[in-house]
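Please model the complete structure; the sequences and the hints are all you need to start from.
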Amino acid sequence: MKINNVKRLIFAILLACFINVAPGLAFGHISSTELIDNAKEYDGKKVVYRGEVIGEVMKRGDFAWVNIHDGEHAIGIWAPFSLTKSIVYTGSYKAKGDVFEITGVFNRACPDHGGDLDIHAQVFKKIESGRLISQEVNPDKIKKASILLGVLLLVWILRLFFRK
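The numbering used here numbers the first residue of the sequence shown as 971 and each following residue consecutively.
Simulated from the structure, these hints should not be mistaken for laboratory data.
All values derive from a computational prediction rather than experimental measurement.
Mixed in with the good hints, there may be bad ones.
As the list claims (entries may be wrong) - Distance condition first, Cα-Cα at most 20 Å in a straight line; then the derived EDC-like pairs of lysine to aspartate or glutamate:
#1 1010 to 1082
#2 1064 to 1106
#3 1064 to 1098
#4 1095 to 1040
#5 1096 to 1071
As structure tokens, then:
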């Protein structure tokens, strides 16, 4: 019976260590809302965060800032530039950005970056590739624009004619 208690104790210790070291790995990725609402709890801890790359990759020496949007909020990610080289598409009106899973240390008020909330990435893993978004021109809009252009030309011509 004592062996079973020792096994249970070892299991509980390992489980506690696993949860403290990698909460995102134990329970999947964490949302931006969870990080923002419980910033004190996660401050200085390793987290796993997932979302779409939006905006531009902003290179700063050997590092880069990347904004990752999980559908609720965007969080700034500070990462070695070498980790960001696999980013092909960044979210904008013209493209859906690549989706990445970031493992790193969460900072509620990062002392290195002026007190901003951020994640210092250690692992950048591409989950889904982005793509260009084709934006077709609405035929009705072309028709309306042509009519308005015709009216404008007619008004211009009539104005020139009546000036004389």
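Here's how the hints hold up against the structure:
Distance restraint check for residue 1010 and residue 1082: the Cα-Cα separation of roughly 17 Å lies within the 20 Å cut-off, and the hinted pair is therefore satisfied. Under the criterion of a C-alpha separation no larger than 20 Å, the hint pairing residue 1064 with residue 1106 is consistent with the structure, at around 11 Å. A distance of roughly 17 Å separates the Cα atoms of residue 1064 and residue 1098; the hinted pair therefore holds under the 20 Å criterion. For the suggested pair residue 1095 and residue 1040, the alpha carbons sit about 15 Å apart, so the restraint of at most 20 Å is met.
At most 20 Å may separate the alpha-carbon atoms for a hinted pair to count; residue 1096 and residue 1071 meet this at roughly 6 Å.
Taken one by one, the earlier hints all hold for this structure without exception.
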